[in-house]
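Chains as they are written, first to last, in full-length UniProt numbering: chain A, 1 to 91; chain B, 1 to 361.
Check the hints yourself; a few may be wrong.
With beta-carbon atoms standing in for the labels, derived distance ranges [unchecked claim]: (1) A/E80 / B/K32: 30 to 36 angstroms; (2) B/L337 / A/R84: 16 to 22 angstroms; (3) A/E32 / B/R103: 19 to 25 angstroms; (4) A/V34 / B/I202: 55 to 61 angstroms; (5) B/R214 / A/T53: 16 to 22 angstroms; (6) A/D49 / B/H159: 16 to 22 angstroms; (7) B/H132 / A/A22: 28 to 34 angstroms; (8) B/A295 / A/V34: 54 to 60 angstroms; (9) A/M1 / B/S4: 17 to 23 angstroms; (10) A/E32 / B/A209: 18 to 24 angstroms; (11) B/R306 / A/A76: 20 to 26 angstroms.
Listed below are the simulated SDA-like cross-link pairs for lysine to any residue, each with C-alpha atoms no more than 25 angstroms apart in a straight line [as the list claims (entries may be wrong)]: (12) B/K212 / A/G83; (13) A/K21 / B/S282; (14) B/K212 / B/L189.
Over 10 angstroms on every C-beta distance to chain A, these chain B residues come out as not near it, computed from the model [stated by the list, open to error]: (15) D51; (16) P68; (17) L160; (18) P235; (19) L337; (20) Y358.
Hint data in this document are derived by calculation from the structure and do not stem from the laboratory. For each residue, glycine too, the CB sits at the ideal point set by N, CA and C.
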Amino acid sequence: MKWELTERIRIRAPARMKFDKARQTDMLLLPERVVRLNPTAGAILWLCDGERTVARMIEDLETKYNQTNLQPDILAFLTEAIGRGWVEICP
Amino acid sequence: MSVSIPYAMTAELTHRCPLHCVYCSNPLELQKRESELTAQEWIDVFEQAGDMGIVQVHLTGGEPLLRPDLNELVVHARESGLFLNLITSGVGMTERRIRQLARSGIDSVQLSVQAPEAGLADTIAGTKAHEHKERAAKWIRAAGLPLHMNAVLHRQNIHLVEDLIELCASWGADRLELANAQYYGWALLNRRQLLPTRDQLIAAEAAFARAKERFGHRIELIWVIPDYYEDYPKPCMGGWGNLSLTVTPDGTVLPCTAASGIKSMKFESVKERRLKWIWEESASFNAYRGFDWMAEPCRNCEHRFRDFGGCRCQAYLLTGDPSRADPVCARSPHHRLVTEALPSESEFDPLQRPSYSYRGK
């Protein structure tokens, strides 16, 4: 999938993000299912707020993890998340 | 033994229901309105559920719309961080009510349907409901909620699988669960009238595959197998006391929605104990947790990690002992209790009207 870095991503309704205190982990809540997220997946999905551009998400995550060149991994994850119906590109 | 954290709770808000479905798996003896938990008691249960790590709640019944305080319950359950799924017949729904419930925090709705046309559907439900369901489906979509539908399959409608899928697609369903009837509660009473023949089942599986080709791209289709025709039992509840729990209208906490049928066991109530204590400490939840309780043929069976010995409630209902292997299993010494219940092709006459037992009739 070809990405425009100016695009904005949001969680696809009715899915919702939740930090679960009992398990100390991020979760994506969907009808009939619950996805336990690893810390990286959680960090990316929390930034899919419909306001940040993809470029800004990458920048924020590189700052947070003090790393560079995260773009390919993040775009690969977002492509997969769209395929699974977790997130969508804002119209 | 280490105890997991549950993900989901089924909240049976009431046993009252305007429908009298012949396949109803709720108990023969329904709990009365007077014994139902109050709004305040439910709100407390939702808060406890959220605190202990439950993330998903199925609001069901009976018909949850019969609770006039449903909206208040939804507001508070949502405040406890829960994802809320409303399971309804649609009867009692108005456009205004579902819009308000959506605003208050319902995340998704599961609407039942009994057959692809009103005549048969209303016979199965024992009341006129089908036409209203079509309106309910429209209102659910208009309120911006995902529409999930479910249909219970049995002898009188299993040949209509493709029509059912087409109907639900035309009503705008995002997902349809086609669940072969499970023989608990009232359904066990009607088992002779409900069990399809093997030929019917084979034809229905082929029809499901065809419909999946046609509609699978726009509606998620789920097929729940009829366990009486399987060689190994279903992994009931993903294991007893492992993933989820049920709270009945009067506050009794069950490891499986059908567990109140196990008369040899005592179950705790949220009126006397904290939900977390019941989940972690109670004798009922620990009785069949893990694998140590198993006897032969489960004890050393390689399937035990996948099916957990099957369903405790079914083992009790058919053999009188919930600790036995689910008799659906071909390795169970009681397996003939299942095979002898299966109808032969010769005794089945599709033109003959079944003589169902209806609740309250």
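Each hint, compared with the structure:
{"no.": "1", "hint": "A/E80 / B/K32: 30 to 36 angstroms", "result": "violated (50 angstroms)"}
{"no.": "2", "hint": "B/L337 / A/R84: 16 to 22 angstroms", "result": "violated (42 angstroms)"}
{"no.": "3", "hint": "A/E32 / B/R103: 19 to 25 angstroms", "result": "holds (22 angstroms)"}
{"no.": "4", "hint": "A/V34 / B/I202: 55 to 61 angstroms", "result": "violated (34 angstroms)"}
{"no.": "5", "hint": "B/R214 / A/T53: 16 to 22 angstroms", "result": "violated (39 angstroms)"}
{"no.": "6", "hint": "A/D49 / B/H159: 16 to 22 angstroms", "result": "violated (49 angstroms)"}
{"no.": "7", "hint": "B/H132 / A/A22: 28 to 34 angstroms", "result": "violated (40 angstroms)"}
{"no.": "8", "hint": "B/A295 / A/V34: 54 to 60 angstroms", "result": "violated (33 angstroms)"}
{"no.": "9", "hint": "A/M1 / B/S4: 17 to 23 angstroms", "result": "violated (37 angstroms)"}
{"no.": "10", "hint": "A/E32 / B/A209: 18 to 24 angstroms", "result": "holds (22 angstroms)"}
{"no.": "11", "hint": "B/R306 / A/A76: 20 to 26 angstroms", "result": "violated (32 angstroms)"}
{"no.": "12", "hint": "B/K212 / A/G83", "result": "holds (19 angstroms)"}
{"no.": "13", "hint": "A/K21 / B/S282", "result": "holds (24 angstroms)"}
{"no.": "14", "hint": "B/K212 / B/L189", "result": "violated (32 angstroms)"}
{"no.": "15", "hint": "D51", "result": "violated (7 angstroms)"}
{"no.": "16", "hint": "P68", "result": "holds (25 angstroms)"}
{"no.": "17", "hint": "L160", "result": "holds (24 angstroms)"}
{"no.": "18", "hint": "P235", "result": "holds (16 angstroms)"}
{"no.": "19", "hint": "L337", "result": "holds (32 angstroms)"}
{"no.": "20", "hint": "Y358", "result": "holds (30 angstroms)"}
Hints 1, 2, 4, 5, 6, 7, 8, 9, 11, 14 and 15 from the list above are not met by this structure, while the remaining hints are.
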